[in-house]
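A.B. asks: Make the full structure from the sequences, and use the hints.
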Amino acid sequence: MTLLTSVYKRAIGHTSGLFWRSISSSPKTIKDFPWLLSKDKPRITNYPYETTDPVMGMIPISLQRMATNWVATRILQLNTGMNYFPDQFLVGASLATRKALQLLSDQLQHPEESREEIEYIFGPALLHRYTESAPSDANISIQLPQIYDVNVDDIWVTMGNPAAYSDENDKYDIFRWATLQFGVNKGKNEDQESFQEYKQRIRESIIEGIQVSVDVVVDADIVYQATHKETDEILLHDEGRRDLRIRFATPYFQPANKMVRSRDSETGEPVISWSWRIVDIDQLIEKEAMDSHEEK
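Residue 1 is where the sequence shown starts when you use the working numbering, and the numbers rise one by one after that.
Treat the hints as calculated values from the structure; they're not laboratory data. Worth double-checking, as some hints may not be accurate.
EDC-like, lysine to aspartate or glutamate: derived pairs with alpha carbons at most 16 Å apart [as the list claims (entries may be wrong)]:
hint : residue 1 : residue 2
1    : Lys258    : Glu208
2    : Lys229    : Asp106
3    : Lys186    : Glu204
4    : Lys229    : Asp137
5    : Lys188    : Glu204
6    : Lys39     : Glu239
7    : Lys171    : Glu204
8    : Lys99     : Glu117
9    : Lys171    : Glu190
10   : Lys186    : Asp170
11   : Lys99     : Glu116
12   : Lys28     : Asp137
13   : Lys39     : Asp282
14   : Lys99     : Asp221
15   : Lys41     : Asp282
16   : Lys229    : Glu112
17   : Lys188    : Asp170
18   : Lys258    : Glu269
19   : Lys188    : Asp173
20   : Lys41     : Asp219
21   : Lys39     : Asp219
22   : Lys31     : Asp137
23   : Lys186    : Glu168
24   : Lys31     : Asp238
25   : Lys171    : Glu208
26   : Lys186    : Asp173
27   : Lys287    : Asp40
28   : Lys39     : Asp238
29   : Lys31     : Glu132
As the structure is a prediction and not an experimental result, all values here were calculated from the model.
C.D. replies: And the structure:
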């Protein structure tokens, strides 16, 4: 299975409800472009992982996070293959990250040229954020001359009907636990519901859809430069080694079993017909979505 079809020939991890930040109409400068410099701190230093109830809150969040990431890993392995995740996935993630940033640089330097390939690689909210923030008088280049290591960090799983995560949701209950979240149909008579009926309602709800997002930490040398389009004057040059945090997301599959097209008749391994997308870099979209939520 390829990581990104277009490279080799797709807020906590949920991308069907896109977050769009409005950009000021005033002239933009390179300072407006949302790329972290080598000495900048991470956008989110203490992630606010959620617990399901006060009892779970007594367990260290590090252990809860470990448990949910284990569950998420098993979900991915069952649906993409034991041989694919994480080893083959990380090889593809490394190559795809470098290729994606090169395509982004090309797009920012020549915005008048439409590139269909970049829309297959980047999620629309992230691509919109970058293209709308780029100053019109600058050529921006982001290169990864050296990648030292690539590792999986958090794996986010969103299950249930995507309508459960919309702002107008009134038919679903949302349960969140560290890196997992479930949209469950509300029962008509929950007070009179038996435990078996409750389990069946949850089971039927979560198979309505699924999306998986993987946070990949890329340890790399990064060269970020902006030059004036007419004079080639260097407006900004930043070079250094740091961790680049990339979030890869699957499409949102409805129902959930569409994640696997079929299985190999001999090996039983899943046959996949979809591609990952880069939906966030250095928690840009996620941090702005958090800030927007806090303001409401």
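A.B. asks: Could you run down the list of hints and mark each one as holding or not?
C.D. replies: Going down the list of hints, with the structure as the test:
Of the supplied pair hints, the one linking Lys258 and Glu208 holds, its CA atoms being roughly 10 Å apart against a limit of 16 Å. Under the criterion of a C-alpha separation no larger than 16 Å, the hint pairing Lys229 with Asp106 is consistent with the structure, at around 13 Å. Between the alpha carbons of Lys186 and Glu204 the distance comes to roughly 12 Å, so the proposed pair stays at or under 16 Å and holds. For the given pair, Lys229 sits about 5 Å from Asp137 by alpha-carbon distance, which is consistent with the 16 Å threshold.
Distance check on the hinted pair: Lys188 and Glu204 sit about 15 Å apart at the alpha-carbon level, within 16 Å; holds. Using a Cα cut-off of 16 Å, the hinted pair Lys39 and Glu239 holds, with the two alpha carbons roughly 10 Å apart. Taken as a hint, the Lys171 and Glu204 pair is honoured in the structure, with Cα atoms around 14 Å apart against an allowance of 16 Å. Taken as a hint, the Lys99 and Glu117 pair is honoured in the structure, with Cα atoms around 11 Å apart against an allowance of 16 Å.
Between Lys171 and Glu190 the CA atoms are separated by roughly 13 Å; this keeps the pair inside 16 Å, and the hint holds. Using a Cα cut-off of 16 Å, the hinted pair Lys186 and Asp170 holds, with the two alpha carbons roughly 9 Å apart. Taking the CA atoms of Lys99 and Glu116, the gap is about 14 Å. The hint holds against a cut of 16 Å. A threshold of 16 Å between alpha carbons decides the hint, and for Lys28 with Asp137 the separation of about 9 Å falls inside it, so the pair holds.
Restraint check for Lys39 and Asp282: satisfied, since their Cα atoms lie roughly 13 Å apart, inside the 16 Å limit. Using a Cα cut-off of 16 Å, the hinted pair Lys99 and Asp221 holds, with the two alpha carbons roughly 15 Å apart. For the proposed pair Lys41 and Asp282, the alpha carbon gap of about 10 Å is at most 16 Å, so the pair holds. With a CA separation close to 14 Å, the supplied pair Lys229 and Glu112 stays within the 16 Å bound.
Pair hint Lys188 plus Asp170 holds up; C-alpha atoms about 13 Å apart against a cutoff of 16 Å. Restraint check: the Cα-Cα separation between Lys258 and Glu269 comes to about 15 Å, which is no more than 16 Å; the hinted pair holds. Pair hint Lys188 plus Asp173 holds up; C-alpha atoms about 12 Å apart against a cutoff of 16 Å. Our distance criterion of 16 Å between C-alpha atoms is met by Lys41 and Asp219, whose separation comes to about 15 Å.
As the CA atoms of Lys39 and Asp219 are separated by approximately 14 Å, the hinted pair is consistent with the 16 Å bound. Annotation: proposed proximity of Lys31 to Asp137 holds, straight-line Cα distance about 13 Å (limit 16 Å). At most 16 Å may separate the alpha-carbon atoms for a hinted pair to count; Lys186 and Glu168 meet this at roughly 14 Å. A threshold of 16 Å between alpha carbons decides the hint, and for Lys31 with Asp238 the separation of about 13 Å falls inside it, so the pair holds.
Simply put, Lys171 and Glu208 have alpha-carbon atoms about 14 Å apart, close enough for the 16 Å limit, and the pair holds. A threshold of 16 Å between alpha carbons decides the hint, and for Lys186 with Asp173 the separation of about 6 Å falls inside it, so the pair holds. Using a Cα cut-off of 16 Å, the hinted pair Lys287 and Asp40 holds, with the two alpha carbons roughly 15 Å apart. About 9 Å separates the Cα atoms of Lys39 and Asp238, which keeps this hinted pair within 16 Å; it holds.
With a CA separation close to 13 Å, the supplied pair Lys31 and Glu132 stays within the 16 Å bound.
Consistency note: the structure conflicts with none of the earlier hints.
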